Each structure stands twice: as C-alpha cells, then as structure tokens.
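> The residues making up each chain are set out below.
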Amino acid sequence: MTQAADDPVLLVHAYCDGELDPANALALERRMAEDPRLAAERDRILALKRALAKVKPAALPPAGLRGRVERAVGMRRVAPRPTWGALAASIALAVVVSSGATWSLLGPSQSGLATDEVIGSHIRSLMADKPFDVASSITHTVKPWFNSHTVQSPRVVDLEADGFPLLGGRIDVIAKTPVPTLVYGYQKHRISVTEAQGLGAPPPSREAAGYHVIGWTDNGVSYWAVSDVGLAELQQFVKLFRAAPTSQ
Amino acid sequence: MSDERTRFANVVLPHLGDAYALARWIARNDSDAEDIVQEACLRAYRGISGFGDVNARGWVLSIVRNTAYTWLKKHRDPKLVAVENVEDVADAATDWDQGPAAPDAGLIERADAARLEAAIAALPDEFRETLVLRELQGLDYRAIAEVTGVPIGTVMSRLARARRRLMALLRKDEE
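Taken in sequence, the protein lines are chains R and B. Residues 1 to 248 (our numbering) make up the first sequence, in order. Residues 1 to 175 (our numbering) make up the second sequence, in order.
So here's chain R without its partners, still in its complex pose (with noise of 0.2 Å):
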C-alpha cells in the first residue's frame, strides 16, 4: 500500500512503534519538530502506549487450562508416582553406593539434561526469526513481561556500563517446565542466561557443540549462562551478573 508510506499520521504511528529505519526516522523527527500538530500526535501515541502497559498483566491463562489441553492432546500431565517398591530400592541402591556416586546418580543427572536443553535452547533462538519473546533493553520491560506470562520474573541486572547490553527475554522449556531466559549481547555474540529452581545443581563448567557453559547456584536459584564467546569473557560476565545488585 503506496497510501500508508506517504500517510505522514501512519508514519507517526510507526514511528512509535519503532518500526521506521533510521534513515525515515530521521526525516520524520525533522518533520515533527517543524509540525506540532504531528508532535502532538506522537505525544498523544506514546501516552497511550505508557497506558496500555497497565493493561497487560490482566489476562492469565486459567490454572486448568493447560491440564485440559494435554488431556484433550493425549498427552499425561503428570508422571505416574514411583510405587514404594521401587522407591526402596532406589534407597537400597543409594545406600549401596559411596555418597559420592549417589550425588552423581541422583542430582546431576537431571541437571545435566537440563544443561543439554539450555544449550539446545540458545543454539534455537540464535537460528529463530526473532531470537526474543521480548526485546527490551530496559529491565522495567522485560521484568513485568515474564509475570505477565506465567513465568516467575527472572533477576535482571543491568550490565550496559560492561558491554554486555541486555536485548531481551524469552521463554525457554527446561524439564518441561517454562523458565526464564534473559538475553544479554556481548559485540556480536549473545549470551542467554536461564534460571531455573528444582532441576538440581548446574555443572560449574561445560563446553559442548562450540558453545560455554557456566552454572551456578545463588539463593537456592540455578543459573546457567550460555554463549559462544570466549570463555574467559563469559566468566567475566557472570562474575559481574553475580555481583550486580537487582534491577527494581
């Protein structure tokens, strides 16, 4: 449509929503600051978006929907319980062992899936069209976003002053369970953080299929950060994840 590219109200519109490229943003602000009937429509824009971000954590899915979905699928929403046979022998079994090798067989392992999935999941979102549910370099976004969407908000912390700018956040499927995943970027790399509580602990360090991996466990919250950077860059980043105090 030739109409909306010459509409200049449409194009305030775009404008706001961050959809013009620098060089048409640029003609358009010129544009705006010698009309005030446009600048006015761009206040009044802007506005009404600041108000409609009220809005948003009003519609949750219901507690059984996703139950109801499953069934309605074939698929089981919960793993049938160990019967207490088999859990007496698992305790024989642990018990048979040194403790050591019960803490390997019994936390890691999980944990250690899970570290596959959080790779699978960066590698996906670096081939994904749009590598983030949201892009948002502000924390005051993308915090709100995540409770929106049934996901515990993740902690956020600001590291742009570090040149690991935050980009955005998503929602990755860990155990089969949504967590949280920020985006941080670090030159032209990107580095996903995932938190997670209950899948055991993270493995300090692990490099598979070209990517880092660094896991650790603060306040009873795994973290693992994945990236293709340098190894010693990305343990720089997690150092000053750690020691960043929370973005309110």
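Just to be clear, a hint being listed does not mean it is correct.
Calculated cross-link-like contacts (lysine-lysine; reagent style DSSO-like; alpha-carbon spacing at most 27 Å) [stated by the list, open to error]:
1. Lys172(B) / Lys49(R)
2. Lys172(B) / Lys54(R)
3. Lys188(R) / Lys239(R)
It is worth saying that the hints were derived from the structure and are not from the lab. Predicted model only: the values in this text are computed from it and were never measured.
Based on the hints, put chain B in the right spot on chain R.
Positioned in the frame of chain R, the structure of chain B alone reads:
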C-alpha cells in the same frame, strides 16, 4: 511421548498464555476463550507436521485467531456478532485534524487499566485484534500482517484508527 506430542509440547505449549490472552480479547469472555484455546490446540496438534520451525508464536496465534472467529460464528447468535464493516467507515486516521479534538497526552496517560480494557473491548473486531497483537502481545507489523492475513498497509491503518478510537473513547469518559 510420540514425536508429535513432543513437538506439540515444544512448539505450542510455551505460547499457551498468549493464545489464551488473544482468544479472550477476541471472544470477550473467559469460558469461551478456554474452549477456543482447546479447539485451537487440537488443530495445531493435528497440523504440527506442517509447521516449518519459523516463528512458533505467530503460527500458534494465527491458528487461535482463525479458530476464534469460526467458533464465534458457530456458537454465538449472529445478531450479536458485530457487522460493522470497519474498512468503509469514514473515520480514516488521516482525518486527524477534523472532527472533535483528540484529548491531550496527559489525559490519555492517566486512564486507568479498567477504563482502557472497556475501551478496547468496545472496538470493532479488526481494530481490536490489531491493537491487542501490537500493544499487549508485542508483535511487530510484519507478524501482525501474517497472523491476521492482511497487507502491512492495512495493519498500519487499522492500528492508527484503533488508537484514534481509544483516544476518543477516553475523552468521552472524561466529559
């Protein structure tokens, strides 16, 4: 789990919250929205082998949207379904310096969530879905064009007119 179910769990389930929110905005009713999402998920499950691994969220939302309109046509009294042909209505966004003056930015920004929700619910279907996909679900113009099956130019004019109507409704509330 079968391959289809694993794929369904990876592709569709992460967007259940968005699917429900969109269905709720289109149907304007919570229990209808649940039925619509269930029906849409069944359709998505049956069509999962045809999904090409590009933009799962857009794919899921377009199925939800189409299911919602089919569902509403089937289950609701046709008299209650809006018949206004919005594309013909002469309130083009370009008439912006005619008619009643739009409210000032301060008044718009002070509008509370409940009033805004009521104002969004009062929009015609085409305007409402476009506004919701942009402002509440954060889709860009191209993705909205794909989900709603119209050219980007139409997305732009619908969005401008939806916002214009919201502003006018907020002004009316104030008077």
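> Is it true that the CA of Lys188(R) sits at most 27 Å from the CA of Lys239(R)?
OK: Lys188(R) and Lys239(R) at ~20 Å, within 27 Å.
> Is the Cα-Cα distance between Lys172(B) and Lys49(R) 27 Å or less?
Satisfied, since the Cα-Cα distance of roughly 19 Å is no more than 27 Å.
> Measure nothing beyond the straight line between the CA atoms of Lys172(B) and Lys54(R); if it is 27 Å or shorter, mark the hint as holding.
At roughly 20 Å apart (the allowed maximum being 27 Å), Lys54(R) and Lys172(B) satisfy the hint.
When the structure is compared with the earlier hints, no violation turns up for any of them.
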